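Respectively, the protein sequence lines represent chains A and B. Under our numbering, the first sequence has 23 at position 23, and the numbering climbs by one with no breaks. Under our numbering, the second sequence has 226 at position 226, and the numbering climbs by one with no breaks.
If you're looking for bench data, these hints aren't it; they were derived computationally from the structure. Keep in mind it's a predicted model, so treat the numbers as computed, not measured. Be aware that one or more of the hints could be misleading.
Derived contacts from chain A toward chain B, CB cut-off under 10 Å, selection only [to be verified]:
| # | residue |
| --- | --- |
| 1 | Val11 |
| 2 | Ser15 |
| 3 | Ser17 |
| 4 | Val69 |
| 5 | Arg74 |
| 6 | Gln93 |
| 7 | Ile94 |
| 8 | Glu96 |
| 9 | Leu100 |
| 10 | Gly105 |
| 11 | Ile106 |
In this text, a Cβ means the ideal position worked out from N, Cα and C, and glycines have one as well.
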Amino acid sequence: MAGGITTTMEVRQPSESASIIDIAGDVTSASEDVLMNAYGRASGAGVTSLVLNFGGLDYMNSGGIGLLVTLLVRAQRQRQRILAFGLSDHYRQIFELTRLDDAVGIHDTEHEALAAAGAN
Amino acid sequence: MSAEGRTEAEATARADADEEIREELPSGVSPGEAREGARDATSWAKNVSTLEVAKVPEGAVNINVEGKRLASPIQGFGKMWQKTYRVRIPGERVSPTDLIALWKERFPEFWPEGNRFHAPLTGISPGEVALINAALPGGMKLSTGVMVLYADEESFTLMTPQGHMFAGWITFSSIAREGDTVAQAQVLMRASDPIFELGLALGGHRQEDRFWEQTLTALAAHYGHEVEVDTQVVCVDRKRQWRRASNVWHSSAIRSTMYTAGAPLRWLRQKLGRGSAGGKSTA
């Protein structure tokens with residue numbers, strides 16, 4: 001996956017306690033700056049849940065999974081939960097295989113993820 | 001050509017294409033899945049609940065792999081570390097993709113002496129399981145293994161099972177940079193249990209650094225290049241996950257030690273078994 005940045009991460013805040021990061025494109029180790037920047041924007045005061053929207057995810061390698069583990073550690077340090085929705089069956093299986101699903105709550109829709117975050 | 005004829009021709013073309021794709025796919029992935037799936041579909045291992053070892057190579061011990069679950073850094077006990085080992089090789093000697101192809105093919109050859117990586121018969125491809133005999137400080141031998149989590153032309157990743165020294169994965173990758181080919185091994189890990197955490201603090205980290213530095217030195221030497229390895233160690237999380245202390249139950253160190261200690265008993269039992277079987281046949 002050589003080349004320029006092929007990832008975009010937009011941040012939305014549907015409630016005071018939850019932020020959503022809309023991930024689009026590729027998630028690899030090269031996405032570190034984009035993801036951490038999005039995390040910085042998403043974790044304002046009072047935010048206790050971060051919801052990752054993988055609906056626009058095109059490609060993810062093991063470097064990308066490593067990056068999510070690092071994000072998880074940073075969020076846990078801030079006492080924030082991480083939830084996810086929009087994962088295709090393929091990426092859902094990868095979350096299970098890498099056992100990321102032990103720590104990231106996976107939901108089918110944004111509505112369900114926000115409800116689990118107590119932000120609906 | 002009739003509609004029926006076209007359908008038949010299309011089916012034949014699809015079958016031919018499938019046959020071509022099939023040769024490139026890891027076991028368990030169908031051509032249909034590859035066609036309809038994500039770009040990385042063929043690079044990831046299929047989801048498994050526990051590990052299975054297809055064939056135990058001579059000299060390998062499969063006491064700490066079969067039936068174990070994979071363990072990511074999330075399931076580990078100790079502090080979380082990211083360790084990166086890197087060498088630069090002149091680009092005219094090898095391209096990144098050629099380096100990765102060779103590294104996959106001859107992976108065990110670059111390991112330091114005293115350690116053995118029993119590569120899967122089908123090589124480093126997604127979902128394959130490899131057994132490992134590793135040397136620990138104090139002359140202890142450890143039997144463990146890894147699964148190939150991910151493999152493509154530019155990188156491959158090995159993930160550890162429960163009971164391994166550490167919970168996590170190692171990604172081997174290569175990129176072109178400023179005319180050089182950079183080869184990299186990056187470990188993301190936590191010690192699996194309190195005993196391994198103590199071991200890492202008492203020289204285990206140094207030994208692991210030396211292990212991967214020697215591996216990368218050997219890889220660079222293969223291309224006739226002598227170079228010092230650039231090592232970067234970052235502590236990602238200083239917290240220990242005490243709720244994971246019970247991982248010690250799966251400890252490959254304890255199980256390997258018990259297995260080694262039980263060798264005379266197994267030998268005796270085998271002898272007696274043979275003796276009694278012989279008695280029956282002559283009676």
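* Holds or violated: Glu96 of chain A as interface residue toward chain B, Cβ cutoff 10 Å? -> holds (5 Å)
* Given hint Ile106 of chain A near chain B, where the shortest CB pair must fall under 10 Å -> violated (13 Å)
* Per the CB criterion, is Val11 of chain A less than 10 Å away from chain B? -> At about 23 Å, which exceeds the 10 Å cut-off, the nearest Cβ of chain B leaves the hint on Val11 of chain A violated.
* Against chain B, is Ile94 of chain A within 10 Å by beta-carbon distance? -> With Cβ-Cβ at 6 Å, under 10 Å, it holds.
* **chain B contact restraint for Gln93 of chain A - C-beta distance below 10 Å** => holds (4 Å)
* May I ask you to test the interface hint for Gly105 of chain A with respect to chain B, counting a Cβ-Cβ separation under 10 Å as satisfied? => Check failed: Cβ of Gly105 of chain A comes no nearer than 13 Å to chain B, outside 10 Å.
* Hold the hint about Arg74 of chain A up to the distance rule: shortest CB distance to chain B must be less than 10 Å. => holds (9 Å)
* **Hinted contact Ser17 of chain A with chain B - closest CB pair below 10 Å** => This interface hint is violated because 23 Å lies over the 10 Å limit.
* Under 10 Å, Cβ to Cβ, is where Val69 of chain A needs to be relative to chain B, so tell me if that hint holds or is violated. => holds (5 Å)
* May I ask you to test the interface hint for Ser15 of chain A with respect to chain B, counting a Cβ-Cβ separation under 10 Å as satisfied? => This hint is violated: Ser15 of chain A lies away from chain B, its Cβ roughly 27 Å from the closest one there, beyond 10 Å.
* Asked: How about Leu100 of chain A: closest beta carbon in chain B under 10 Å, or not?
  -> holds (7 Å)
Hints 1, 2, 3, 10 and 11 from the earlier list are contradicted by this structure; the remaining hints agree with it.
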